[in-house]
Structure formats: C-alpha cells, structure tokens
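J.: Make the complex out of the two chains shown on their own, each in a separate frame, by following the hints.
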Amino acid sequence: MQPTPNTLTPPPELVDIQNWLSKAVTSGKFVKKEANLRLTHAKNRSSSDRLMTYIDDYWPRCLESLTDDFPRTARTLDDEWETVCEAYLAAYPSTQFTLYYLGKQFPQFIVEQQLSPWLRDLAQLEWALLHSEISAVLPTLAIDEHTILKLQPHCSLLQLQFQANDLVNETPSPEAPQAVMVYQWDGDGTFEPLDPLATRVFKLFEAGTSLSEAFDSLSEQELTDDELTTISTKIQSWMSMATQWSWLTHYPPKENLQ
Amino acid sequence: MKPVDSLKGFGVGLRPCHYADFLSNQPKVDFVEIISENYMVTGGRSIETLQEIAKRNPVIPHGVSLSVGSSDQLDWDYLTRLKKLVDTLNPPWFSDHLCWSRHQGHYMHNLLPLPYTHEVAKFVAEKARIIQDFMERPLILENVSSYIEYTDSVMTEWEFLTEVVTQADCGLLLDINNIYVSAVNHTFDPMDYILGIPANRVRQHHIAGHKNKGTFLLDTHDHNVPDPVWDLYRQSIPIFGEVPLILERDDDIPTLDELLIELNIARQIFNATHTQHTHTSA
Ligand SMILES: [Fe+2]
Chain A
2 MQPTPNTLTP PPELVDIQNW LSKAVTSGKF VKKEANLRLT HAKNRSSSDR
52 LMTYIDDYWP RCLESLTDDF PRTARTLDDE WETVCEAYLA AYPSTQFTLY
102 YLGKQFPQFI VEQQLSPWLR DLAQLEWALL HSEISAVLPT LAIDEHTILK
152 LQPHCSLLQL QFQANDLVNE TPSPEAPQAV MVYQWDGDGT FEPLDPLATR
202 VFKLFEAGTS LSEAFDSLSE QELTDDELTT ISTKIQSWMS MATQWSWLTH
252 YPPKENLQ
Chain B
34 MKPVDSLKGF GVGLRPCHYA DFLSNQPKVD FVEIISENYM VTGGRSIETL
84 QEIAKRNPVI PHGVSLSVGS SDQLDWDYLT RLKKLVDTLN PPWFSDHLCW
134 SRHQGHYMHN LLPLPYTHEV AKFVAEKARI IQDFMERPLI LENVSSYIEY
184 TDSVMTEWEF LTEVVTQADC GLLLDINNIY VSAVNHTFDP MDYILGIPAN
234 RVRQHHIAGH KNKGTFLLDT HDHNVPDPVW DLYRQSIPIF GEVPLILERD
284 DDIPTLDELL IELNIARQIF NATHTQHTHT SA
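Protein sequences appear in the order of chains A and B.
Residue 259 is where the first sequence ends in the numbering used here, and the numbering goes up by one at each step.
Residue 315 is where the second sequence ends in the numbering used here, and the numbering goes up by one at each step.
Since the hints were derived computationally from the structure, they do not count as laboratory data.
We put the CB at the ideal spot given by N, CA and C, even for glycine.
Just so you know, not all the hints are guaranteed correct.
Taking lysine-lysine pairs in the DSS-like style, the calculated list, with each CA pair at most 30 Å apart, reads [stated by the list, open to error]:
| id | chain 1 | residue 1 | chain 2 | residue 2 |
| --- | --- | --- | --- | --- |
| 1 | B | K246 | A | K33 |
| 2 | B | K88 | B | K117 |
| 3 | B | K155 | A | K24 |
| 4 | B | K246 | A | K44 |
Cβ-Cβ distance ranges computed for the label pairs, FRET-style [claimed, not checked]:
| id | chain 1 | residue 1 | chain 2 | residue 2 | range |
| --- | --- | --- | --- | --- | --- |
| 5 | A | T8 | B | D260 | 44 to 52 Å |
| 6 | A | A92 | B | Q84 | 56 to 64 Å |
| 7 | A | K44 | B | T308 | 34 to 42 Å |
| 8 | B | G274 | A | K44 | 32 to 40 Å |
Here chain B stands alone, though its shape is the one from the complex (with noise of 0.2 Å):
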C-alpha cells in the first residue's frame, strides 16, 4: 500500500461504477475515501480492486457503522474487521459518525441524530476513546446531517460535537453540505456552527450536494453541490485553513471525469480564496 503520514489535497468517494477509471488511469485526485462496511465482508471482487487501486492512491476509511452513538455495547467482531481492514491501508486516520445507527443488536442503517446532554456527550467520549486506543489510530468523527431535535437536548450540536471530541481527544471529519442541511432543517445560522467548534481538531472535509424536498432539506448525495454549499465553503477556508476535502457521492453518480471537474470547483475556490486571505492578513 501506498504509506500515508499525513493528507493533502482533494479526493472523491471510491465507487465501484469508477472503478475502472482508477484501474487503467490515474485520475487527478490526491487520495480516495471508501465506504468501509463495503469491504469488510470475508471476500469478494471490490476487496481485489481496492487492493490494487491501494497501490497508487491514499485511501481512507470511512464507516457509516461504528453506532459510537449507541447505548449498546461496543461490537468487538465488527471492530476487528474495521482494524484489519484499516491495518491494511495504513491511513493516518479512520472515520465515522456522531450518530446512532444500532440498537440493542438491530440495526436502522441509517445515521440517527443523539440527544445533546452532558451526560451522552460523556459517555459518547468515553466509547470513542476506546475506539481509538483498540484501533490505535486517530479517528476522525463527522458531523451528520438531521431531521429532528430532540426536547432532552441543553446545547447545540456543535456544543455536543465539541465537548465529544474535547473529551475523547479525537479529530474532526467536518461535512459542510451537512451544516447547511442541519442549519436549514433546524434554523440556525451555519457561520454560528463553523465558528463554534475548535478549529485545531479539523483534519477532513465533505462536500456534497441535497435534495430540497420543499419545507426541508434532504442528505441525498445526489447532486452537484449547490452554491450556497460551496459559499459555506469558501467562508470556512480562512477559519480552518487547509484541510483535506473529499467530494462525496452516492447516488445518479457522474462519470468520473464529470466529478472530477466538480472537484476542481473545490480546488478552485481553496486556491482563490486562501491566497486572497493569505495575502490580506500578511
């Protein structure tokens, strides 16, 4: 595999319809991100290709199934398939959500939102700090796009997602088209959000596009990457400076080259504007 100390630059989410592309090519992206639970099943084609595909590009982990969320106990099996799978690929971080997605052994495969107390964010903490000693790799955690709130709640989510990561010493994957989901669905200002949490934990982007389904904005990874998205973006640059971005999607996915000029939008954005606020604050 291709050895990684650290991360830079832009990248998009493996899929297997791209996969091709990455075989016979090198596309332009600086390293790739996989769905992790897609291969860490026993065997397959995709665990070949990704092997191979391991070669020539950096590619991190992210997982849609870690549930670090859950009042359930921590599942070892499914926590030694991520470590072999992660040990494989040797990234300088692995990634999931702030979310639950198990309960008492079923699974929703969905990322559901936690309620924000002290207490939860506590033991939430507590989970993640397990996590990352076992693994014993730095894990990145997203924030999720949501469609409720709940009335336990006594702060925001990036109260919540602070006092999380604060205490569980880990990194932050920041989605910023999940902000803009989060902040539209529950009316706050995103710039309150962005310049809430601690910007030293920021290690990763995700930007990608939603669906307007009229009274509320849904995390559909199924469009480009509408501008007041990319706008959050640019105001974000001079807050977290230059952090690795991974253009995310999933579903009527493009052909590569068509994401990879999407991409480049993001390049585009970061250079123009990171230069201009270099420049102002020189």
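Same shape as in the complex, but just chain A (with noise of 0.2 Å):
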C-alpha cells in the first residue's frame, strides 16, 4: 500500500500546546505564569516544577548522545564542550527519530564557529567514524571498467589537516596535511592513509565515475613521468584494495540508503 496523502488537521489547541511546550522543554526557557495556566500543578508540586522534570530529561540525554559520538572532541574542549554542545543543539536541533544522527551537523557547527584546525579535523573524523559503524555496507561489486561506481554509504573520503593517527591518539601535533578513507570493518569505524594520486581518483569515485573515465580523468591532469608510468599498476592496487574493503558500489545505489 502507498502512503496515504497527508491531509489531517490537527485541533488547534494540540498545536498550540505542543508549540509552547516543544519551545519549553528545547530551550530549558518558560514564563512560570504561563505553567500554572497550562499545566495543573500536583498536591506537593507546582506545575513548573513538574515541567522542569522534561526540560531536566532532554539536556543530559543530548549532552550524554554528543559525548559518546565525540569523546575526544569532548576531552579537548573540556570546560567548554557543554557550552559548544549547547549552541549546537540551539543551531541544529534534533530533526531525526534517533540520536544515532544528533551530532550529524557537529563538524560543520565547528567550521562554522571558527573553533581550531585540530577541533575541526577531530570532530570531522569522529563523525565519520560513528557514520562507517552505523551506514550500510552493500555487497562487494563484479566491476568492469564501464560500470558507473559510488562510494559506499559506509565511507567518507577525509582531507585532513593533520595525520588521523595524532587525531585518534590525541596527540597534538603540528599539521602535516592527509587524506583518508574513513570505513567500516568488522563492524567498527576504521580509516586508511590515501597518497595522493589515490585521493584524486577516490574523489572522482566519490562523485560518481567509471574506471574508465576515472583513467582518462587521470591522464589528463598533470602528472609527474613517474606516476605516470607506474598509474595502471596503482590503479589496479587501489581497485583490489576498495573491492577488499567494501568502498565502491553502483551508481545511482540499488537500495535508498541515508
């Protein structure tokens, strides 16, 4: 059966309440007056109190999400990670029915409030991390050279400012730029250093291409004589190397994956 047309229209006092107590429980704000107007209150409770029992529900359960996804970022920050999960939260809140996806938008809430180099790389790899263990891996391809090919939900293709090993290790240490590919193994989130020729071809695969094309792409661009002489036989590596893994599927992808 095909999903029904929406056309229900909610009572107008469901709305709203649901626009006041949404704006309560989200925010942690609400004018007491307004409670006692909206909320009965129990024989040894008043009714804000009684609504501080959800506002006191949803911080700690957002914070505790957003530091299981970001446990370095959160040791980095350390005194003001509550603060920046805070603004994220009133930037970006929860528009998806699990919080496996709370901190979806927490890399780019990083870039945008200019917070360091290293922040921006560590939450950037911890997404993509967390994303690899919870996305799909589809089943390894049959590739020709014709063959239109994706990477696969599960991986994300990083430019790094710093080495993702210091990152994971939380070793501070100065930028020495590198790229990766973020993916799921066994299960877990794992990654693997691209030099990058790799990087280049990866990108164009991340964009959709044939082997082909990727090929053709290649030679055209500036190579140095040596990498030209050595590209079929790196290519061959890197294709045996995302058919082992698991990071190319077809294009457009046969299941409709997040």
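T.: And the structure:
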C-alpha cells in the first residue's frame, strides 16, 4: 500500500500546546505564569516543578549522546564542551528519530564557529567513524571498466590538516595534511591513509564515475613522469584495496540508503 | 525468522549487553522486544546480530519515535523504514507509545503526554488508523508515565486511552509500572485505571522499575520491579487473563541471569494468581 496523502488537520489546541511545550523543553526557558495556566499542579509539586522534569531530561540526554559520539572532541574542549554542545543544539536541533544522528551537523558547526583546525579535523574524523558503523555495507561488486561507481554509504573521504593517527590518539602535533578513507570493517569504523593520487581517484568515485573515465581524467591531469609510468599498476592496487574493503558500489545505489 | 502468529509467555527487552548470551545460549524467554529505532539505521553490527537472534526467538518491535500524538504530519520516511524492519521480523504486532515526541520536525527524545480531549483523541486515532493500514499489521499503543497534566484535559488518561484505541481499532500495550508511576504523580487510584480500560484490547504488558525522587516517581527502568508494581500486576491478572509480558530494563542493567530471575517472579505471580482465580471462579 502506498502512503496516504497528508490531509489530517490537528486540533488547534494541540498545535498550541505543542508549540509552547516543545520550546520550553528544548530551550529550558518558560514563563511560570504560563506554566500555571497550561498545566495543573500536584499536591506537593507546582506546575513549573513538574515541567522541569522534562527539561531536566532533555539536555543531559542530548549531552550524553554527543559526548558518546565525540569523546575526543569533548576531552579536548574540556570545560567548554557543554557550552559548545548547547550552542550546537540551539543551532541544529535534533531532526532525526534516533540520537544516532544527533551529531550529524556537528563537524559543520565546528567549522562555522571557527574553532581550531585540530578540533575541526577531530570532529570530522569522529563523526565519519561513527557514521561508518551505522551505515550500510552493500555487497561487493563485480566491476568492469564502464560501470559507474560511487563510494559506499559507510565510506567518507576526508582531507585532514593533521595525521589521522595523531587525532585518534589525541596527540597534538604540527599540521601535516593527510587524506584518509574512513570505512566500516568488521562492524567497526576504521581508516586508511591515501596518497595524493589515490585521493584524486577516490574523489572522482565520490562524485560517481567509471573506472575508464577515472583513468582518462587522471591521464589528462598533470602527472609526473614517474606517476605516468606506474599509474595503471597503481589503479589496479587501489581497486583491489577498494574491493577488499567494500568501498565502492554501483551508481545510483540499488537501495535508498542514507 | 521464526514465524509468529500469536504470542504467549514472558520475555525481556533485548539490549546489546546481552547479545552474547542470546547468541551462545538459548535463554529461558518466550520472546524478546527490541527498541525499533536502534535497528532502523541503515547498517551496522546490531542488525546482523538481531537477525541471528530472531532465528531462535520471536521478536516484537517496540518504537519510541512514532510520535503518533504529534500535530506534525506523519513521517513517511520513518514509517517506511519501520515497515521494512517489521516485515523482516514478521511479528504479530508492533508497538509504540500514546504520546508525542516530535514537533515541527524537531525531536524531544522523550515521551510527552497529550491533552485528554475528544478532538485530540479523534485526531490521534485517525493517525493510528493510517499507520496501522500502511504497516498492514496490528499496532498496539502503550500508556506512558507522565509528570504533567494539562488544564485543557476534559477526561482521565484511561478514558482518553480507551477513546483512542477504540476509534483506531488498535490494541493496548499496558505498562503496569507506568500506571503506578502516573497514579502516584497525579494522585489517582491505579485500579480505577485498570478497571477503566477495555480489557479485551490488552495484547501485551510491560513491567519495570522506577526511581523515587521524593516528591514524585521517575520512570527510569534502572531498578528492580518494586513490590507495589508487582502487587498491581497481581491485581490485574484476574481482569486481563493471560497476557504476554516484557520486563524492561534500560539502565544499570544486570546480567541476563539476574534479569531472568526477576522475570521468573512475574511467571510465579501469574501462575499463582491465575490458578487461584481459575479455581475460585470455577
Ligand atoms: Fe514500557
């Protein structure tokens, strides 16, 4: 059966109460007088106290979820962590049915807040690792040179300013740019460093391209003599790596996956 | 998957810390219940584990984000994902709460109560009907614990619940602990609740523990089931008869063995009360 069109009209009093209560719960702010008008009081609890039960649940629940998802970022930000989370939730309230996705825009938020490049990389890497664990690994493909390929849903190609190992080990170090593919392996998120040429190839796959188009596109770009002589062997080794770790899928993907 | 036409007996909420027990043994449960949303993401190890466990145990999907009471329109992406999961498990029903948790696309990640008015009951029932038709499977709605009541309400919670499930023609997942928690928080007699709902619509029970916060009870699922909740369960048995029951535990989760000892208390209470009642009424 196909979804029915959305034609239900909610009772105005329901919209009104949900407008008010959702704002109170997510912002933690409400006018006591209004709480008294809208909510009853109990024998030993005022309407405001009763409302606080929901407010006191929302914020710790969201904070705990973000702390679980970004443990290294949380430790690095230390005392500032809660303030940053609060600002993040105000800017990006949860729009997903599960807390798994609460941190989806967090790396973007760190960029917008112009926090340090180290924090920007750390948040980006932590989200990519988590995302890889909750995303689909589609069956490995038989690839011919004309199949349009795309990165699998569990893969993220990141261009970092710092070494990924230093970031996960929380070892602050000088900038040393590195590209990595973050992916799911045996249920866990992990990553593999990529050299600049491999990064170019997988960037093409990220946008959706065939093996032969990727090869042509690379040949048209400025390559060193050394790269030109070894390119075909290199592509072969990247493709076997991508096959072994299920990095690629057909485009468009066969399933509708987030 | 293990096919299930109907369900009987006693089970627990399946939690990741007990996956290994379910994979290596056959714990003494008649069925398990999962939090649907945890398996509605597109991949990951949990889904594979669930599929393995579902080969040996009937699984009931129990959601927390349907938000049937939201004034928002239905979320078809959510429902499509839910249907995919439910169809894979092939349970006799799926469940969620009579509450709202989403407004204007934003989630509160909590189960908020509704104002108990006839207009709201009609609106929610209509939504529940559409959901049930789309899912092509019975929906059963659970009563939530609550900490607020609206001045707009014109009836009791159990009258509202009855109106919704009757109009929607759906079943009830009656959480005994939630009745007790709300009864203390809103000062009503929990037996009025139990006697006030249509017994023939009760398909499943939940039982759990809560926290006493001094001036109110908080539904935390982090304690053993306290005696007053067991007493209420005992009193409900003659009214509802044999209803499948899930013991819920979400925090400070003990070992599965300890949880199964607690589940056995429910079995013993049921057997003793049901037998006694059958003899008395024979
Ligand atoms: Fe429950």
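J.: For each hint, tell me whether it holds in the structure or not.
T.: For each hint, the structure was consulted:
The straight-line distance between the Cα atoms of K246 (chain B) and K33 (chain A) is roughly 22 Å, inside the 30 Å bound, and the hint therefore holds. For the suggested pair K88 (chain B) and K117 (chain B), the alpha carbons sit about 17 Å apart, so the restraint of at most 30 Å is met. Between K155 (chain B) and K24 (chain A) the alpha-carbon distance is near 25 Å, which keeps this suggested pair within the 30 Å criterion. A C-alpha spacing of about 15 Å is found between K246 (chain B) and K44 (chain A), which places the hinted pair at or below 30 Å, so the restraint holds.
In this structure the hint that T8 (chain A) and D260 (chain B) lie 44 to 52 Å apart at CB holds, the actual value being about 49 Å. A92 (chain A) and Q84 (chain B) have their C-beta atoms about 38 Å apart, which leaves the hinted 56 to 64 Å range violated. The given range of 34 to 42 Å is respected by K44 (chain A) and T308 (chain B), whose C-beta atoms sit roughly 39 Å from each other. Hint check: G274 (chain B) to K44 (chain A), Cβ distance near 35 Å, so the stated range 32 to 40 Å holds.
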